[in-house]
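Colleague: Sequence:
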Amino acid sequence: MSDLSGKTIIMSGGSRGIGEAIAVRAARDGANVALLAKTAEPHPKLPGTIHTAAKAIEEAGGNALPIVGDIRDDETVVRAVEQTVEQFGGLDIVVNNASAIDLTPSETIPMKRYDLMQDINARGSFLLSRTAIPHLRRSDNPHILTLSPPIRLEEKWFTGGHLAYSIAKYSMSLVTVGLAAELRADGIAARFVHVDLADADSVDAFAAQVTADAPIYGLVNNAALADGVGGKAVHELAVEDWDRVLNVNLRGTFLVSRALVPSILDYAEQHGTGRVVAIGSDAALYGSPRLTHYIASKGGVSALTRTMARDLGPYGVTVNTVSPGLTESESAQFVPQHRHDLYRLNRALTRPQQPADLVGAVAFLMGDEASYITGQELVVDGGFVLH
Numbered sequence: 001m002s003d004l005s006g007k008t009i010i011m012s013g014g015s016r017g018i019g020e021a022i023a024v025r026a027a028r029d030g031a032n033v034a035l036l037a038k039t040a041e042p043h044p045k046l047p048g049t050i051h052t053a054a055k056a057i058e059e060a061g062g063n064a065l066p067i068v069g070d071i072r073d074d075e076t077v078v079r080a081v082e083q084t085v086e087q088f089g090g091l092d093i094v095v096n097n098a099s100a101i102d103l104t105p106s107e108t109i110p111m112k113r114y115d116l117m118q119d120i121n122a123r124g125s126f127l128l129s130r131t132a133i134p135h136l137r138r139s140d141n142p143h144i145l146t147l148s149p150p151i152r153l154e155e156k157w158f159t160g161g162h163l164a165y166s167i168a169k170y171s172m173s174l175v176t177v178g179l180a181a182e183l184r185a186d187g188i189a190a191r192f193v194h195v196d197l198a199d200a201d202s203v204d205a206f207a208a209q210v211t212a213d214a215p216i217y218g219l220v221n222n223a224a225l226a227d228g229v230g231g232k233a234v235h236e237l238a239v240e241d242w243d244r245v246l247n248v249n250l251r252g253t254f255l256v257s258r259a260l261v262p263s264i265l266d267y268a269e270q271h272g273t274g275r276v277v278a279i280g281s282d283a284a285l286y287g288s289p290r291l292t293h294y295i296a297s298k299g300g301v302s303a304l305t306r307t308m309a310r311d312l313g314p315y316g317v318t319v320n321t322v323s324p325g326l327t328e329s330e331s332a333q334f335v336p337q338h339r340h341d342l343y344r345l346n347r348a349l350t351r352p353q354q355p356a357d358l359v360g361a362v363a364f365l366m367g368d369e370a371s372y373i374t375g376q377e378l379v380v381d382g383g384f385v386l387h
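Counting from 1, one number per residue, gives the positions in the sequence shown under the numbering used here.
It cannot be assumed that every hint is accurate.
[Unchecked claim] No more than 30 Å apart at the CA atoms, straight line, and that leaves these computed lysine-lysine pairs for DSBU-like:
1) Lys232 - Lys156
2) Lys55 - Lys38
3) Lys55 - Lys112
4) Lys38 - Lys112
If you are wondering where the hints come from, they were derived from the structure by calculation, not from laboratory data.
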């Protein structure tokens, strides 16, 4: 397990979703975590605030500093960094997590929405990073991490109709690449978390990077394309849409596994064990309508898990799938209301599913207690699918 004992992180956003999950895990590994976010009150559709995230960090064993503020405001960011340093005695890691999203096509997106994404995604990442530089220089192992994509200029990456959003996210990546070059002499590592799951060369390069220092114990195949993929029956579905989803969800899972399993086997040779967990979907078990490509991709992930379990079992490596139901996250905003109602009315447990509900299942399957469980699919959906 990683050790962040005594390290201090400041993260933009983090009230819910991926940011909160990163913060909680960092806290579990011993980090102090400062969150800078606007969400002092719950969103009408998305649960979680900066205060509930801070509570989760503390329950995980970390120290939390929730700072309510706007990443777009210069004075707020300066004060947030100062508060963090004053509270914890220094600053080691910046995580640029906050991001606005609007997938409206170029012709119809309001310029206010365009400006909002630029201000939060690009300017916010730059502002928080530059403000933290003097303090990072005093750290013995400083890092700037940004949640943004690889910079790819092939036309296929711009055919989805969300150019404004792509520009904003690419700008976050440019900020990080530029800071890495500027700050290398100071020993400050800046990198953006990226891999093109549909591109074998990109996946292989990523694997080489993450395994350069030591073999890895385990892998969680989590990434998937789910936003805006539904609404068409099999006879209405374009081949391009089928390929887009399958390339990420299934092919990407295969490519990442293929690239990283050799390192896991190296670890298993030394320690006799290793883990792979894939994130599936309960929708693949009941055949949700008008989601042909998504269902096929997630069903494929479950099948891939079973055959990988046979392949890797002789080396002591277990391979399992965790399949959630409809989870209250950012992507859930794109799910039609009738599907939310379907889950609400048919779950055995009546409350909405939260991202945190998956953590225990994944942690269990990654841990020592699950050393004799392999090739299985664990459904975590509050009893929507019973089998």
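Colleague: If any of the earlier hints don't hold here, list their numbers in rising order.
Modeller: 3
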